[in-house]
Structure formats: C-alpha cells, structure tokens
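Given the coordinates of chain V, assemble chain C onto it according to the supplied hints.
Chains as they are written, first to last, in our numbering: chain V, 6 to 330; chain C, 6 to 330.
What the hints contain is simulated information worked out from the structure, not anything from laboratory work.
All of these numbers come straight from a predicted model, not from anything done at the bench.
Beta carbons: idealized from backbone N, C-alpha and C, even for Gly.
Here's a subset of chain C near chain V, in silico, CB distances under 7 Å, partners left out:
| no. | residue |
| --- | --- |
| 1 | Ser75 |
| 2 | Leu83 |
| 3 | Ser84 |
| 4 | Ser252 |
| 5 | Ile279 |
| 6 | Tyr282 |
Reference listing, derived: stretches of chain V covered by chain C, where coverage requires no fewer than 3 residues with Cβ under 8 Å from a Cβ of chain C:
| no. | region |
| --- | --- |
| 7 | 85–96 |
| 8 | 247–258 |
Okay, here's what each chain looks like letter by letter:
Number of protein chains: 2
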Amino acid sequence: MATIKDVSKETGLSIGTVSRVFNNRGYISKETREKVEAAVKKLNYQPNAIARSLSKSSSNIIGVILPHISHPFFSDLLSYIENATREKGYSLMVFVTKGDEEAELAMINRCRENKVCGLILCSGRFATKKIESNEFPVVAIERNPEGASFAIECNNRQGGRLAAQELIDKGCKNLVSLAGIKGRKMPADDRSTGFEEVCRENSVNFTCLTYPPELYDRLDYTAFIDKVLTERPNTDGIFASSDIIASQVIQVAASKGLKVPEDLKVIGFDDTLIATYTTPQLTTIHQPIKEMAELAVSTLIGLKDEKSATGCTIMNVSLVKRGTT
Amino acid sequence: MATIKDVSKETGLSIGTVSRVFNNRGYISKETREKVEAAVKKLNYQPNAIARSLSKSSSNIIGVILPHISHPFFSDLLSYIENATREKGYSLMVFVTKGDEEAELAMINRCRENKVCGLILCSGRFATKKIESNEFPVVAIERNPEGASFAIECNNRQGGRLAAQELIDKGCKNLVSLAGIKGRKMPADDRSTGFEEVCRENSVNFTCLTYPPELYDRLDYTAFIDKVLTERPNTDGIFASSDIIASQVIQVAASKGLKVPEDLKVIGFDDTLIATYTTPQLTTIHQPIKEMAELAVSTLIGLKDEKSATGCTIMNVSLVKRGTT
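The shape of chain V in the complex, shown without the other chains (with noise of 0.2 Å):
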C-alpha cells in the first residue's frame, strides 16, 4: 500500500508539504495541491485515519451511549444519528449500557483512549456531572443536561398535554398517565405535567402513575398494566410514555376482554415502528427522532473547537392519530 513517503518521491514534495495539503493546514498553491492529488490518485494513496488523528487532538470519531438498542426509539435514534455521523465524515462508535452505571464510565473511558472528537449521550441513568472534566464535548438527547456541554430534548410537556387532550376530545372521563421511572429524574418526567395539567384544566378524573426501573431496564410492563387495569377497572383512557407500554396495554386489555378505543383508548408516546406494527396501530406522540440526532450531531461537530458554548434545544412534538383513540 502506498505510504505518504510514495506520494512525496512522486510528487518531489516534502513530506511535510505533503501533509499540509492532506491536512489542509496553511497556504498551498493550487499547482501543489494537485500535484498531490494527481499522485494521490496514480498510486491508490488512502490516507490513514489512525495516523492522521494522532498528529491531531482527535479523531474523527463520535462516540455514543445509549441505554438500550432493542428499544425502537434509541435503534431510530442510533439509525439517524449513524447517517448524520457518516454524511458528515465522521464514524460512529457505539456503546450500549443496558443500565449498567458502572459500565458507562468505562465507556466514557473507552471514548477518552480512542480520542473521540465528542460524545452524544443518551443513556439515562449516570449522572453527566462525572464528566464534567471530560477533553471532548458532550451533547445530551433526552436527559438531564448536568455537566452537558448541550441538551436536546422534545417538549415533553406539549407532549403530555396534546395526549390528554385527544383522550378528553374522544369522551375519555377516567384517564392514567402512565409516565416516568419511580426515583429517577428525567426529562420525560414533564409529559405526566402536561398532562395533569390538561386535566385539571376540563375537571376529568386523572390518577399519574410512574412504574419501577426495573421495568424500563427489561422492557416487560404487563404485570404493572395488569395490576393497574384491576385496581381501576372504571379506566376508560391510557397515557404511556413509549409506544413499547402503550403496545402492552392493547395486549393486557385484549386479555381483559377489554375492545381498543371501544372500551379503552391508548395514546404512546415516540411514534416509532412499533406504533405501526400494533393491532389496532396506535396513537402516539411523534418525537422528531431524526431532527434530534441531525442536531445532536451537527452541534458535536461545531462544538468541537469551542468547548465552553452550553445550552438546551427544546423541539415540538405532534399528535399523530392512528386507531386507539
């Protein structure tokens, strides 16, 4: 394989020119640059990633942890932020927690030995704060933004209020919220506000319920919805905070004999695959998953030579209306 030392004796160049033009560093004549070129391309020259990044600060790798994959709404996330990444320029490396705190600080260890140019995170559970001291910049998606150089969230809030109100608006008197992870603080917490919100607004009946993590951690809530659905069998309107609950609330309804919207109307929350995938498809919430991680990765990107700049971006969701309300 051709070396940078071939495209020097080609091109009669030093190497250190050579690189100047690789690395698009200082003044270089147009006669030069494609003198190199020209080389490049006569000896199937590839420039290699591993050398180049260490005569830099960084590579051009962006690193990424998230908490689950199997999780329609990170696997959409990971899609989106893996185009944006590679459209960019940049490769992905990826880290998935399952909820282990201990192994997402070895990730971010991992990120610090490759020399990531920066970090999107989106794994729920460690607090940022212990990166705070971190050589790359950090964007959040979706979750406390401690120590963060930038969050990104979607309004949750207008999420859990445009969700009431479908339910009221389709003649729903006795509504659950089903949001938000008992004795974890998330940004995800403001959809049960909205939608109190709207419910106290029109005097409906509304009882907010957060479920254990262990729940989120292995993804099965159907016990819990079961439990739920018995002890307020007058229920006649769901709110859950993903479309993988809302899916197993059709399935605990089916099993109660319970008809979707009929008896019981479901509203998810994400507006992933799943939604469509459900019988009858389901009513959600739609994140704007792709926005997000366009932004994630663009702001990452600008970040990385100004590592002082913090901020929150707050992106609208909608309500997308399918055949559970």
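Positioned in the frame of chain V, the structure of chain C alone reads:
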C-alpha cells in the same frame, strides 16, 4: 495528562520496557510489572488507543455493517454484538447501509482507514467478492458467504420446516409462504425450501411467494399482503419470513375482518421483541441471535492472526408457540 515518558521517569525503567509491559510482549519480571502498575495508578496514566494502534498493524476496533437498525432483528443483533465486543476489550464502529451499495463500499473504505481488526458484515446487498483482497478478516451473518473469511447462518431450512409442520398440525389446508426477496439470493431463501418440503410430504396445498426488494428496504408489506389475501381468499395459514411481515399480516387480517388465529394462523421468523408486542402475540421461529452475535465476535478475534481460515456455522432454530397459531 501523563505520558509513557512520565511512567518511564517515575519507574526508572526505559520507555521500551514500559511499552513491553503495556503490550504484554516478551519476558517481563513480576517486579517490573508491579512497578509499572504502581506508576500507572499514581500518575493516572491513560494509554492512548490511537498511539497503541499505530505501533500495531490494526486497532482494537471491530467494524459492523448492517442493512437497517430499525429492523428489530438487526437491532437485537447489534445489541448482542456490542456487548460481546466490549466484553472482549474491543470497541465497535457501526455503519448502516439502508440498502445503498455505494455507501457500503465507502463504509468498507472507512473501516480500512480506521484500521479495524475485523469486520462483521450483516448487510444483504453487497457482493462480498469485492472485498476479498481485504487486509482484515470478514465474518458474514445471514448472507452469502463468498469472499468472507467465515459465515454464520441459522438453519433457515429447518425453520421453514418447523413453520409448515406447526400450521399443518393446527389444521391448515391452504398455506402461503411469504419469504425471500425477488431477484436477491439470500440464505433466508432456504426457509421457503424447507416449508415447501413439509407441505409436499403432507400433501397440503401451498404457494411460495417472494416480495419485491423495495418492500424490504421500506419495511412496509401491507399492500402486498392485502393483495395476497384478496387473490387467495381460502388461505388459512401464512408463514412470514420475519416478525415484521407477520405483524403486518395480523393487521391486514384485522382490516379484512379475519380473526387470528381462528380464521387465519400466522407464523413469523426471528423471535424479536416485535413478536411480543402484537395482539395476539406471535408464534414464530426463534433465531439464536445472541449466540450468532457472540460467535461472530469471537470468530473474528480468533481469525485476526489466521486470515486464511474459512468456514460456515449453521445454528439451530426452534418454534416458539404464542397466540397466532
């Protein structure tokens, strides 16, 4: 940040000796090792993965190319690959083609640039022949193995056989198999072969259909399924080659007033989370996704020093009975 020079100074050992300890190369006395370990701890020295890679012929990065990650089979597979990779001390670089062959070529180049120590190829479109001359080993999962060092498949034919047998055992007389992409040869084609064998052995009416490639790329099969059920109104059992397709069969059946499993029995393939989100839950063929992922990673790491090894492992599948049969 502490460098290898600082460790050398602290211990009084040469840089070469310290490097030998870091890379576990040649004879190192217990005393020397302990001295270095103490200095590393004291100085909070963090080895630079990039610098370390440069001194070796490859990095500790494994690349993986997938066709989709929103598809639950691939998100589950990726989740297990990430876990196995990290447990063995490697980092994972992820690329998603969404069926774009040009992008796939660029991704393989990106792997080359980042000096990956191996590549796991799960993408279904690209002719692996084109990377035969690679400088890193390639393990293929569920795709044509030409050019790959090693291929891992599940026993697709056995899966098709189990599906047909279950439908026949449950009394179906007119079966349809929806498996395989028109014009693309894939290991999954053997699912139809096995299905057909059992139908013939039992003298049961059957039709094996393939679907146009754009349905796979978009993951929306509903119009196609609707046409199949309209043209074959006496169909009482459907074998779909993924849980996604099967979930859409349930929806189309509902829209046509057909009850599942009373009027129409349905079997999927993969046994991903989707199978538990449908109503009723899906009877499906379980692929050992975790085992396939772990085998891919360990095979790849084992192949690093033995690039000429080739082979194929076929893993057993099983029937998981749920509510659709």
